[in-house]
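Chains as they are written, first to last, in our numbering: chain A, 1 to 500; chain B, 1 to 473.
Hints are computed from structural coordinates only; laboratory data are not their basis. Watch out, some of these pointers could steer you wrong.
[Stated by the list, open to error] Calculated lysine-lysine pairs in the DSS-like style (CA-CA distance at most 25 Å, straight line): (1) K329(B) <-> K171(B); (2) K53(B) <-> K192(A); (3) K207(B) <-> K220(B); (4) K329(B) <-> K207(B); (5) K467(A) <-> K53(B); (6) K360(A) <-> K378(A); (7) K87(A) <-> K192(A); (8) K171(B) <-> K242(B); (9) K467(A) <-> K57(B); (10) K174(B) <-> K329(B); (11) K192(A) <-> K32(B); (12) K165(B) <-> K329(B).
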Amino acid sequence: MTITWEQVLAFLSEDQTMTITSLLFLAFFAATALIHYALPRIARPYFLLAASYAFFCYDPANRPLVWVLLGATLVTWLCGLIIGRIKSKPVRIIALLVAIAGGIGVLIYYKYWNLLADSLGGSWLSHRDNLLAPLGLSYFTFAALSYTIDVYKRRCRVGTNPFHYALFVSFFPTLINGPIERYPQLRPQIQKSRRFSYNRCAGGAFRMLWGYTKKMVLADNLSHYVSLVYGDSSSMSGPNLVAATVLFAIQLYMDFSGCCDIALGAARILGYDLIENFHAPFESRSFGEFWRRWHISMTGWFRDYVYFSLGGSRCAPWRHYLNIVIVFLCSGLWHGADWRYLVWGLACGLISAFGAMTAKPRRSLERFNPLYRAKWFKSLWQIVCTNILFCFTLVFFASALYNTDPFAIYGDMLQGWQGLAGSWHQVTSLIYDSGIDGRLPVVLLFGCFVVFAVEHYSQNVAAWIRKQVWPLRWTLYYAAACAILFFAAFGQSAFIYQQY
Amino acid sequence: MSAKSPTPIPAPPVKIQRGAPTATPVRPRKKKRRNPLIWFLQGLVRRLYFGLKTGIKFLFLVPILVFMVAFSYNVDRSGLFQGALAPRRIVDLMLEGYDVTNFEQMDERQVVQLYAQDVPDAPEAIGIGSSRVLQFNRENTGVDSFFNMGVTGADVRDNMTSYYKMVSYGKTPKVLLWSLDPWVFYGSEAAFDSRADADLYNEFLTKVLNVPTDYEEPDKVELWRALADPAYFQGNVDYYVKNHGQATVTDDEGNTIEFNPVEGDPYNQTTTIKRSDGSVLYDVAFRSQSADQIRTLAAEACMSFNSVHMEGFDAMSDTQMQAFDSFIKYAQSQGTTVILVLSPWHPYLYGYLLTEPDKHKGFFQVENWVRQYAADNNIPLYGSYDPECIEGLQETDFFDGLHCSGTGIERFFPGIPQVLQDLENGTLPDPLAVQPRTSLETEAPSEEDGEAAEETESESTAESDTETTTQEG
Chain A
1 MTITWEQVLA
11 FLSEDQTMTI
21 TSLLFLAFFA
31 ATALIHYALP
41 RIARPYFLLA
51 ASYAFFCYDP
61 ANRPLVWVLL
71 GATLVTWLCG
81 LIIGRIKSKP
91 VRIIALLVAI
101 AGGIGVLIYY
111 KYWNLLADSL
121 GGSWLSHRDN
131 LLAPLGLSYF
141 TFAALSYTID
151 VYKRRCRVGT
161 NPFHYALFVS
171 FFPTLINGPI
181 ERYPQLRPQI
191 QKSRRFSYNR
201 CAGGAFRMLW
211 GYTKKMVLAD
221 NLSHYVSLVY
231 GDSSSMSGPN
241 LVAATVLFAI
251 QLYMDFSGCC
261 DIALGAARIL
271 GYDLIENFHA
281 PFESRSFGEF
291 WRRWHISMTG
301 WFRDYVYFSL
311 GGSRCAPWRH
321 YLNIVIVFLC
331 SGLWHGADWR
341 YLVWGLACGL
351 ISAFGAMTAK
361 PRRSLERFNP
371 LYRAKWFKSL
381 WQIVCTNILF
391 CFTLVFFASA
401 LYNTDPFAIY
411 GDMLQGWQGL
421 AGSWHQVTSL
431 IYDSGIDGRL
441 PVVLLFGCFV
451 VFAVEHYSQN
461 VAAWIRKQVW
471 PLRWTLYYAA
481 ACAILFFAAF
491 GQSAFIYQQY
Chain B
1 MSAKSPTPIP
11 APPVKIQRGA
21 PTATPVRPRK
31 KKRRNPLIWF
41 LQGLVRRLYF
51 GLKTGIKFLF
61 LVPILVFMVA
71 FSYNVDRSGL
81 FQGALAPRRI
91 VDLMLEGYDV
101 TNFEQMDERQ
111 VVQLYAQDVP
121 DAPEAIGIGS
131 SRVLQFNREN
141 TGVDSFFNMG
151 VTGADVRDNM
161 TSYYKMVSYG
171 KTPKVLLWSL
181 DPWVFYGSEA
191 AFDSRADADL
201 YNEFLTKVLN
211 VPTDYEEPDK
221 VELWRALADP
231 AYFQGNVDYY
241 VKNHGQATVT
251 DDEGNTIEFN
261 PVEGDPYNQT
271 TTIKRSDGSV
281 LYDVAFRSQS
291 ADQIRTLAAE
301 ACMSFNSVHM
311 EGFDAMSDTQ
321 MQAFDSFIKY
331 AQSQGTTVIL
341 VLSPWHPYLY
351 GYLLTEPDKH
361 KGFFQVENWV
371 RQYAADNNIP
381 LYGSYDPECI
391 EGLQETDFFD
401 GLHCSGTGIE
411 RFFPGIPQVL
421 QDLENGTLPD
431 PLAVQPRTSL
441 ETEAPSEEDG
451 EAAEETESES
461 TAESDTETTT
471 QEG
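Modelling step: build the complete structure from the supplied sequences, incorporating the hints.
This is how it looks when you write it as structure tokens:
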């Protein structure tokens, strides 16, 4: 029996979307990496650029939108060239404004059009059905804008090679979920492609495996319960809503950081180091610290280009707090054209501003708290409080995702409590009903523990694994692969942050 | 003083000439010129080395994939590779030597196909045919590794594909015992059973007999996908964990599979069972009927005789005769000795058929044609549709009008070893020596009814010798 290429392709491409968790993506990535290293180093960026556009265009729905990616790249590169080469300030400002207007215009057109149309009542703008945004719109637009602003602020040299710049904007591992890259970070790596390093490659592969485990074993299984509760939140009791909110926080982390691990691992195999997007956020001891550890590339972007531009903390206190709120509002809006994201951003901003406002008095009062003399208790208490606050705000986020009323959920959270044992029974029985039965709760608990423990000791899992002795290393390789094989929830490949 | 001083005398300062002109002017370093061929070869070797190293390390993870594929293939809860769970359970039990309960609920065709797939070694002899062959077993064939592949209601497609399956799995039997039913030679759709595997038959026709059909090679992509699908693997793990070591097993949807090993004396069962050799053992009550009860069943079968794949059977089909001939030659080309058997019908039933030969023209043509064919091709042929042609055959040698019992078989079939010996010695009975009745010599009275037919039949039986000699094939 002969196997034809058509059969192989049919086997690989079950559907027409190349999601990061699909077999097709793995085959695509393996072929890309193989060709990448077979080519001379000078040709590699050009090949990766072609591969990135092929990745973008694989989904037929994205093909007509490729001009958005192309246009964003071309406009920002040309504007950057003008800003960098021409000394006349008005011209530089105009070029900067054109780039920013272009970037934001594209975002508004593809992402916020309907929100604006609905807000304006349809008299100015008409609602557009089936509005489809290009893949990774928020990520590549922000990356391109950061370049132009950096060139304007003389923090970055002009990229003279448009193909290198185009690769920076469209680099396929970052296209789906980020991280939002900066040109000064990626430019030297593109200009001088790294030689093949087995250690880097093995570390990258493990990081991908780590990401797949977090996404497919932990996040996707947790989503069974969370979606069951939030999908029918009006009939859920308080204990289930609280448990689902807490588990949603973990699911969101595993999902998003898992995808970032895959992207970072893939880039590492190809010889590129990307920005770390998470740094054990659940170990944060304040709300502000939490946001310095969560989605670092996005919060860093808003900090550098919005917060500092507004004056940051070097201004009147009220202005400082307002700046914090504005930044979080922007962050909420970035997540989606939905008022619930906006309120979520507002809530986070207010809590952060309140934290900044009360930082000094709280530090003064700490010495009078006898419990704080035990450092471990102090840390634990602060960590617990921070995470409770985060989960509290996350109700808006989850409500936007599952299209429910967040205020009703807050109200329902207080209903249906039947003591500790009764509430626990409600939660466990619904967990079993959601399909998480048998060994899975134990696996999820143990899996989360392992992930948090490993990430506590090392931010960069790829580098960490290479320092371990080979028996432990291979045990972890096999454990991760077996965990995926036995416990991953297949067929739920979409990432939560993919839609942003 | 200076010698005794604890403080060491400082050495005189040495002037360092900073920025002094060097003896020779600094020349820019020349870039080494590399031989492009060596540079290319170095790059190639480096790539090959690291490629191999990486590839070998990745190979260490292959056992996980191999395990996944092997596990999915063997457990196979959806029956994509191993067949459906219930037939697999039956075949497993039969291969372990158990008789299996609940025969009426079995999908016999799947059981036969699975048996062909799973039996480790080719049986020495197999039997094919409809339920009328299912009384052939290891005892009356005299072969320990005999397996009866007959299925209830088998049409020509079932017969041929059962043997073809064995051949396609490389388990060609040495002897093929074919209990020929008359509808094998009927070309109408009515001769076909809806339960037969038409696709498999088309495959057989296309691949083996080179007869063009609408057969298309099945798409294997779906199967590969299932093998490489971790979700299918997980389903198999769940199924295995739930059913491993359990007395009763469940199907894919969690329903209990009611096929279990026969407990106690197999000859004393209240339900029909499938023996480990593929034959069928009817329940005690059915096997212990009196001659009158059997005759009543035979009488009931008279009116519905044609409905058993022979509605409108007026003449033998040329196509079916050619297919039959091709199949026999195909089996012989595989090194299989074909033995043909004509299982008798109950005397009452056969007598009734003789009273209305116009309604059974095709049926009455079959035996004589088969006899001629067997004689022409030196193929062993035993038995006869006409019970009169079998010496000593009693009404009690039947279960009903259609099915001859083991005792009846023993009256006309000497056993496979004897047949083979006769074949080798050239002492096979002459097929043309037996001439079955195909009509009554004298017209039956017009007012003949069931009871009258019985009387007529007994009369005609007495005169059978003279009648049979006058029949033409």
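To see whether the hints hold, each was checked on the structure:
no. : hint                : result
1   : K329(B) <-> K171(B) : 18 Å, holds
2   : K53(B) <-> K192(A)  : 24 Å, holds
3   : K207(B) <-> K220(B) : 18 Å, holds
4   : K329(B) <-> K207(B) : 15 Å, holds
5   : K467(A) <-> K53(B)  : 19 Å, holds
6   : K360(A) <-> K378(A) : 17 Å, holds
7   : K87(A) <-> K192(A)  : 29 Å, violated
8   : K171(B) <-> K242(B) : 34 Å, violated
9   : K467(A) <-> K57(B)  : 17 Å, holds
10  : K174(B) <-> K329(B) : 14 Å, holds
11  : K192(A) <-> K32(B)  : 20 Å, holds
12  : K165(B) <-> K329(B) : 17 Å, holds
Violation of the numbered hints given earlier is confined to hints 7 and 8; the remaining hints are satisfied by the structure.
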